[in-house]
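Peer 1: Residue numbers (the working numbering), protein chains in the order written: chain A, 1 to 210; chain B, 211 to 476.
Keep in mind that the hints are not guaranteed to be accurate.
To be verified - Capping the alpha-carbon separation at 27 angstroms, the derived lysine-lysine pairs in DSSO-like fashion look like this: (1) B/LYS226 / A/LYS127; (2) A/LYS67 / A/LYS90; (3) A/LYS53 / B/LYS223; (4) A/LYS53 / A/LYS164; (5) B/LYS313 / A/LYS157; (6) A/LYS97 / A/LYS24; (7) A/LYS97 / B/LYS475; (8) B/LYS325 / A/LYS157.
Everything labelled a hint here was simulated from the structure, so no lab data went into it.
This is what each chain is made of:
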Amino acid sequence: MTDFNRLSEAVISGDFRQAEVLTKQMVENKVDPLQIINEGLIAGMNVVAVRFKAGDMFVPEVMMSAKAMSTGVELVKPLVTESDITSAGKVVIGTVKGDMHDIGKNLVTMMLESVGFSVIDLGVDVKAETFIEAIKEHHPQIIGISALLTTTMLNMKDILDILKEEGLRDKVKVIIGGAPVTQEFCTQIGADGYADDAAEAADLCKRLVG
Amino acid sequence: MLVVGELINTSRKNIKEAVEAKNAEYIQQIAKDQVEAGADYLDINCGTRVYDEEEIMAWLVDTVREVVQVPLCIDSPNPKALAVGLERAGDSTLMVNSISAEKERFEQVLPLVKKYNTKVVALCMDDAGIPETAEDRLRVSDQLIVDLLAADISQDQIYLDPLIKPLGVNNQFGVEVLDCVRTLSLRYPEIHFICGLSNISFGLPERKLLNRVFMVMNITAGMDGFILDPLDQSIMSMLGAAWTLIGKDDYCMNYLKGVRAGRIKA
Chain A
1 MTDFNRLSEA
11 VISGDFRQAE
21 VLTKQMVENK
31 VDPLQIINEG
41 LIAGMNVVAV
51 RFKAGDMFVP
61 EVMMSAKAMS
71 TGVELVKPLV
81 TESDITSAGK
91 VVIGTVKGDM
101 HDIGKNLVTM
111 MLESVGFSVI
121 DLGVDVKAET
131 FIEAIKEHHP
141 QIIGISALLT
151 TTMLNMKDIL
161 DILKEEGLRD
171 KVKVIIGGAP
181 VTQEFCTQIG
191 ADGYADDAAE
201 AADLCKRLVG
Chain B
211 MLVVGELINT
221 SRKNIKEAVE
231 AKNAEYIQQI
241 AKDQVEAGAD
251 YLDINCGTRV
261 YDEEEIMAWL
271 VDTVREVVQV
281 PLCIDSPNPK
291 ALAVGLERAG
301 DSTLMVNSIS
311 AEKERFEQVL
321 PLVKKYNTKV
331 VALCMDDAGI
341 PETAEDRLRV
351 SDQLIVDLLA
361 ADISQDQIYL
371 DPLIKPLGVN
381 NQFGVEVLDC
391 VRTLSLRYPE
401 IHFICGLSNI
411 SFGLPERKLL
421 NRVFMVMNIT
431 AGMDGFILDP
441 LDQSIMSMLG
451 AAWTLIGKDD
461 YCMNYLKGVR
471 AGRIKA
C-alpha cells in the first residue's frame, strides 16, 4: 500500500490520530503537500461520500472521517499558499430568514468541504440581502439555501427574485434543500437544483460546476 | 398516555397523492385504521401545501370528521391554518400543534388555544432557535411554561415538546432530552410531555430500533405523549408494556385490554 493509500484509509476509517501521524511523516519526508491533500486526504473523503450515499456509512462515521481529513489539511496548509489548493468550486450557504435550523446545512457544508469545495457559511436566519452581499464579495459559483419549515421555505423564492432584480441570477447556480423541500418546489420557484441529502448535495454541486 | 397518530400529513407521499386527487375514502381509511390501532388523537398536517394550506386543512378536517370522533391535533406553524382547522374540528378537546417561545408565534397562537380551550404542544425553541446546550434547553422550556401559565393556560393543557435532535450528530442529544423531561416533570408535576421520535435516529441505520428504545427511555423519564405511527404494532406494543411497567396503568387494565384486542403483542 502506498503512503497515500494508507492516509486515505485513515480518513475512511475516521482514525484522525493515524491521519495526523501519517500526514506528519509525509511532510517530514518532503512529499508534495498538494499531493498529500488531493491523493491522500480528499481521495479518502471521496470514498466516504460514495459509501455514505450508498447507505454503507452513517452520519457519525462521516463526521469522524471529516475530522480526520481536516486534521491532515491543517498540518499541510501552512506549506502551501491558498491559491495552490485547487478548489472544486466556491459555495455560499445559509439557512433562510426566519429559520434557525442548522443541522442539515452543517452536514452539507461538511460534505462539500470534504470533497474539495470552499464553503462560506452565512449561518442561520440569513436575509436575502446578506446572500446578495456574500455573492458580490465572494463570487461563488453556487449558493445553497436551506429551510426546515414549510413557512420559511417560501423565503427561498424571495432570494431568487432579488437575485433577478440585482442582475445576478445568471451569475450563480442556486440549490435548495431541507425536510419540506422537494424537486417539485425547486422547479416551481426556478432554482437550479435540489438534493435529498448531504451526499447528493455534493454530487449536485460537482455536476453544476463541471 | 396520549398517542397522536401522525399519518395524516401531506409530507407523506400517499397522503399527498390522496389530497391531490381529493380521495376522501383513502384519508378516511387511514383515519379509521389509526383509531382502531389505539390513537387517542389524530394529527392533521398539510403544511407542505404552502399555497392552499387553509383550504386543504378544512377539507381534511371535514373528511376525517365524517368517519371518526376522536379529537384532532391541528398541526401547522401557520396560525391561519390552525384557526381554520380548530373551527371545523368540533366539540372535543382539541390539540394545537404547536406554540413556541418565538415571540410572534406565541402571540398569534395563544389566542387560539384560549378561544378553543385546547391542549397545546409547546415547542422548546425561541427566537434564537432550537437550544444548543442542555442548560439552554431547560431555560427556554421553563420560560415557555412560565409564560403559558401566566396566560392562564393550565399545566394540564401543556404538552412540552423538548425537540429531539439527531443522535448521529451529537451523542449527547438523547440524554439531554431525558434530563430535561426529568427535571421539568419534577418542577411542574401536572404538565405533560410529547415528542415525535424519528429525529433521534436521523443518519443512523436500523432507525426503528433506536426510535422504540428511546421511546421507552423517555417514558421512564416522564414523557407521556408521543406523535407516532400507531399502525406500527411493535412500537404500540412497547408503549403499552412500558406504560404498565412504570406503574401508571391501574390494575394493568390498559395492558390487558390491549393484549385481548390484539394491539399489544410480544
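Peer 1: Next step is simple, just say for each hint if it's right about the structure.
Peer 2: Results of checking the hints against the structure:
1. For the hint linking B/LYS226 to A/LYS127, the alpha-carbon distance of about 31 angstroms lies beyond 27 angstroms, and the restraint is violated.
2. With a C-alpha separation of about 21 angstroms, the suggested pair A/LYS67 and A/LYS90 falls inside the 27 angstroms cut-off, and the hint holds.
3. Taking the CA atoms of A/LYS53 and B/LYS223, the gap is about 22 angstroms. The hint holds against a cut of 27 angstroms.
4. Annotation: proposed proximity of A/LYS53 to A/LYS164 is violated, straight-line Cα distance about 34 angstroms (limit 27 angstroms).
5. At most 27 angstroms may separate the alpha-carbon atoms for a hinted pair to count; B/LYS313 and A/LYS157 meet this at roughly 24 angstroms.
6. Straight-line distance between C-alpha atoms of A/LYS97 and A/LYS24 comes to about 43 angstroms, which puts the hinted pair past the 27 angstroms bound.
7. Between the alpha carbons of A/LYS97 and B/LYS475 the distance comes to roughly 47 angstroms, so the proposed pair goes past 27 angstroms and is violated.
8. With a C-alpha separation of about 34 angstroms, the suggested pairing of B/LYS325 with A/LYS157 is violated against the 27 angstroms cut-off.
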